[in-house]
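The primary structure of each chain is shown beneath.
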Amino acid sequence: AQSVTQLDSHVSVSEGTPVLLRCNYSSSYSPSLFWYVQHPNKGLQLLLKYTSAATLVKGINGFEAEFKKSETSFHLTKPSAHMSDAAEYFCVVSGSNTGNQFYFGTGTSLTVIP
Amino acid sequence: GAGVSQSPSNKVTEKGKDVELRCDPISGHTALYWYRQSLGQGLEFLIYFQGNSAPDKSGLPSDRFSAERTGGSVSTLTIQRTQQEDSAVYLCASSLESLAGGLRDTQYFGPGTRLTVL
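Heads up: the sequence lines are chains A and B, in that order. Residue 1 is where the first sequence starts when you use my numbering, and the numbers rise one by one after that. Residue 1001 is where the second sequence starts when you use my numbering, and the numbers rise one by one after that.
Hints are supplied without guarantee of correctness; some may be wrong.
[Stated by the list, open to error] Sample of chain A residues at the chain B side, in silico, Cβ under 10 angstroms:
hint, residue
1, Gln38
2, Gln45
3, Thr106
[Claimed, not checked] Computed spacing ranges between beta-carbons, pair by pair:
hint, chain 1, residue 1, chain 2, residue 2, range
4, A, Thr111, B, Gly1003, 25 to 31 angstroms
5, A, His39, B, Ser1073, 25 to 31 angstroms
6, A, Leu7, B, Glu1044, 19 to 25 angstroms
[As the list claims (entries may be wrong)] Short derived list, chain B residues pointing at chain A, Cβ under 10 angstroms:
hint, residue
7, Tyr1035
8, Leu1043
9, Glu1044
10, Asn1052
11, Thr1106
12, Gln1107
No wet-lab data here; the hints were simulated from the structure. Note that this is a predicted model, so its numbers are computed, not measured. The C-beta atom is built at its ideal place from N, Cα and C for all residues, glycine as well.
All chains, full assembly: derive it from the sequences and hints.
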């Protein structure tokens, strides 16, 4: 069963404007949540992860995400998009109700317009 | 240190042939995962190895798929009698597994093997 939903399959922003990539997950007692980025013809790279510490998580390349338990959300944001941010982004959840598995969202393709 | 490596990077095969895909995890990582990523899709879990425990094979799509992990390190994913729908990128990931409180450690991914079945 799907445990994570990425609400937008494609997001397009202008360079220098904010980025918001949305992710909602199925409730779990203690979820671990991750965002990964996949550039064309490159491997998956971890952007950031939440594992029950601070609810606002800062990652690489200026990205951050906020864990909101009441909304079961873990949206990814960045204040100012850069051309190099164009890629596919995956939200991932794992936890006590997913067994050994990590569940990946279907991905959000981010386009950055010059 | 070295990351997760996979070989071959690309594999083209004919329908009905068997293929073997290899994964070398990061040294010391006890957990190893195989995923499949079809064009425009998210990652589909295939199989999970953790230490000496029996693998979680719940994601394998058919009995044509099998995997083994020798000595707790290198893993091989075998697909028998390949079909065109098996064409995808096969990704391997490893992690230092932590089960305390059900929390999961970071997965580190290899570059993948692109399989094309003609």
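Against the structure, the hints come out as follows:
Interface hint at A:Gln38: satisfied, since its Cβ lies 9 angstroms from the closest Cβ of chain B, which is below the 10 angstroms cut-off. Here the hint on A:Gln45 is kept, as its CB sits about 8 angstroms from the closest CB of chain B, short of 10 angstroms. Interface restraint check: A:Thr106 against chain B, minimum CB-CB distance 4 angstroms, threshold 10 angstroms, status holds. Range check, A:Thr111 to B:Gly1003: Cβ separation about 28 angstroms, and the 25 to 31 angstroms hint holds.
Here the CB-CB span from A:His39 to B:Ser1073 is close to 28 angstroms, well matched to the stated 25 to 31 angstroms. One distance hint, 19 to 25 angstroms for the beta-carbon pair A:Leu7 and B:Glu1044, holds here, with the actual separation near 20 angstroms. Because the closest C-beta pair between B:Tyr1035 and chain A is about 8 angstroms apart, less than 10 angstroms, the hint holds. Because the closest C-beta pair between B:Leu1043 and chain A is about 4 angstroms apart, less than 10 angstroms, the hint holds.
Because the smallest distance between the Cβ of B:Glu1044 and any Cβ of chain A comes to about 8 angstroms, under 10 angstroms, the interface hint for this residue holds. Taken as an interface hint, B:Asn1052 does not check out: its beta carbon lies about 14 angstroms from the nearest beta carbon of chain A, beyond 10 angstroms. For B:Thr1106, the interface hint holds, since its Cβ comes within 10 angstroms of a Cβ in chain A; the closest pair sits about 6 angstroms apart. Checking B:Gln1107 against chain A by beta carbon gives a least distance of about 6 angstroms; that is within 10 angstroms, so the hint holds.
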